[in-house]
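Note that the protein sequences, when read in sequence, are chains A and B. Numbering that gives the first Met the number 0 applies: residue 0 is where the first sequence begins, and numbers increase by one. Numbering that gives the first Met the number 0 applies: residue 0 is where the second sequence begins, and numbers increase by one.
Simulated from the structure, these hints should not be mistaken for lab results. For glycine and all other residues, C-beta sits at the position ideal for the given N, C-alpha and C. Honestly, I wouldn't trust all of these hints.
As the list claims (entries may be wrong) - Derived lysine-lysine pairs resembling BS3-like cross-links, with alpha carbons at most 25 Å apart:
1. A:Lys-3 - A:Lys-60
2. B:Lys-413 - A:Lys-87
3. B:Lys-9 - A:Lys-143
4. A:Lys-60 - B:Lys-44
5. A:Lys-60 - B:Lys-413
6. B:Lys-9 - A:Lys-29
7. A:Lys-143 - A:Lys-66
8. A:Lys-87 - A:Lys-159
9. B:Lys-413 - B:Lys-384
10. A:Lys-143 - A:Lys-167
11. A:Lys-3 - A:Lys-29
12. B:Lys-281 - A:Lys-87
13. A:Lys-29 - A:Lys-66
14. B:Lys-261 - B:Lys-427
15. B:Lys-9 - A:Lys-167
16. B:Lys-384 - A:Lys-87
17. A:Lys-117 - B:Lys-9
18. A:Lys-9 - A:Lys-66
19. B:Lys-360 - B:Lys-427
20. B:Lys-44 - A:Lys-10
21. A:Lys-60 - A:Lys-10
22. A:Lys-29 - A:Lys-9
23. B:Lys-427 - B:Lys-219
24. A:Lys-13 - B:Lys-261
25. A:Lys-29 - A:Lys-117
26. A:Lys-29 - A:Lys-60
27. B:Lys-9 - A:Lys-66
28. A:Lys-143 - A:Lys-159
29. B:Lys-219 - A:Lys-9
30. A:Lys-10 - A:Lys-29
31. B:Lys-9 - A:Lys-159
32. B:Lys-261 - B:Lys-360
33. B:Lys-281 - B:Lys-427
34. B:Lys-360 - B:Lys-219
35. A:Lys-66 - A:Lys-10
36. B:Lys-413 - B:Lys-281
37. A:Lys-9 - A:Lys-60
What the hints assert, rightly or not - Computed spacing ranges between beta-carbons, pair by pair:
38. A:Gly-14 - B:Thr-343: 32 to 42 Å
39. A:Asn-156 - B:Arg-10: 21 to 31 Å
40. A:Glu-6 - B:Thr-343: 23 to 33 Å
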Amino acid sequence: MRAKERELIKKCLKGHQSAQRALYLNYRVKWYMVCLRYAHCKPDADDMLQEGLISIFRDLKQFDVRKGSFGAWSNRVLVNAILQYLRKWKKLKLNDDFQEMSQILIEDEDVFSTMSAKELTLLIQQLPTGYRIVFNLYVIEGYKHREIAELLNISENTSKTQLLKAKKMLRVRLENILQS
Amino acid sequence: MKTPLEDFFKRMFSTSMEEEGWNVPSDDIWEKALPHFREEKTNRKFWIWLISLGMLLLLCLGVMVRFQVFTPKEAPTNQEKDLVIPDKQFAEKQDILLKPSAVREQPIEQNITPTNSLQRKHSERPNTGSSVTPSSRRPENVKLRRKDVPMVKHLVSITDLSVLDEKKGVTITSSDSFSKRGPSVLILENLPSLIHHPLKTPSYQISRLQNDIKINKPRKWFVSILAAPSFSRMDIRPLDGSHIKGSKQFQFSDNFEIGVSKFFSQHWGVYTGLGLISVRSKTETKNSIGYNPTTEHVWSSSSMANDLTFQTSTSLGDYRMSSVVIRPNSMPISNGETIDVYLTNNQLVRYLNIPVELQYKRSFQSPFLMYSSVGVDMNFLLDDKTQTAGKMMHGLDQMAATPMTLHRMTPLAKTVWSAHLGLGVERKIWTHLSGFVGGKYRYGLTPSASHVGQKTFLHSLQLEMGFRYAL
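Same shape as in the complex, but just chain A (with noise of 0.2 Å):
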């Protein structure tokens, strides 16, 4: 970890506002980046960023340095606070149906590779939340289906089905754009 970053830290943990800042500075565009891609809309967003930042710089004090980067423990902690709005709000809602999911999709990296990260992120957006949410967790962030299924209580196979129906929706949407 840079010093600089270290030294920010230390001064958050002292309550240091201009500290602070300078670290949301540093990182808002990923952490919102993130926030974009769980989120319907753009004020889903920036209610979720909100809800990020607090458990953030409410959570610093657990950081370890030892553990990793500051940027992949923010991240964990972002999403978690993402998936705790949602869950809030009640915009976590799951549909267990694996059987229907049988067809192997394409997946054909050179379609999606003409578009932009804006447009990408407008393209995960318009998903349904359960789509978008394993879509996020398991493709972005790394997660497993056991993982996923822990997470959201849900099954593996609810997680896998999400997964496919959220790469088959990407699928037909880019369809449309393409031949509109």
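Using the hints, position chain B against chain A.
The following block gives chain B in isolation, referenced to the frame of chain A:
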């Protein structure tokens, strides 16, 4: 094993992003989150404060109780002994002694012989008529009847014979109209012969009698129950001021409270209690959104067959509401046209209320008295509920908006302070019971109007009515 698609997304979002506007959060978010970082510390401060306040109140209560119980001197002076006769004179002046001729003869079942000099002294004086037959030798169980107490007019029942208690001294209470003169009735002359009691010295007994002979002695402790509905006007400081047009809010709250007051003098006292405040508010806002496909307020959704999705953010007092309304593609809208979104928010917030106030009472026309109060309230958030609904208008088209896809409440402050001024009239209904009606003006960060990081002021006018029972 990750598929190419998964790898692609992973790579895409793992690389650090440049600030491009769309991925930069607004400063509002930081400003709103900031107060929460210090909340924990503030909470700790608050609890320390609350505990200190509680201890102070307990201390005050202890002092008050001690004052009440121990003020009578335990060792009477010679001067106090001499005051026996003036007391009697005073009692006569107040017309609470029956003339010997008016005393009904009572059957004497048992005379108790005075056991000490003072009692003998009393018994040597002209007897006013009768002696009493105590129902028990144990003072606290003795109950006198009217016929047993010929010295006193109108005395119906004597419920507290703590007269025989060393610490409490003489406190004889009655529940009839006589007690309007005061809670204590002095039986000076033949008390020693009325009741056989275990007091150590007669002089002690006399001094206690002296201390308690206070006709018109004001009652000191009161228990109150009250209901207080109120109607409030709220000044909203909008978060998204540019979107607010024609917003209005009505607020109705009710407060049920039970409390206790202690009067230090005839006029001045302090009051504290415990109340449950329910604040119901209805807020209606109108947001006008100019249709422009490039603004962030208009999002297009392919899943909805290119229906237009309008996104709005509004401040509703305690709430920062974000909502999405969908206008079907079948109802076209041109660039630059305005679409009005009306949001209605019904909110119920409940608080535990602890008032501390200074009260002033003054009688102006019997049996009425006027009271005024000034104090502060601590309100502790119990729970809150909200329900939102919306409609959309575009030109002449009016239709129910798609229910909000999200609404979010800004965290309400866990503790809210307010100050109040009260004025009212009280009327005696029964011996111990009185009813009161008054008004209260509240100011400050009152229950429904504050949230962390925002200063929203609320003025409210509260009607209060209730009953007060004198102990």
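List, from low to high, the hint numbers that the structure doesn't satisfy.
-> 24, 29, 33 and 40
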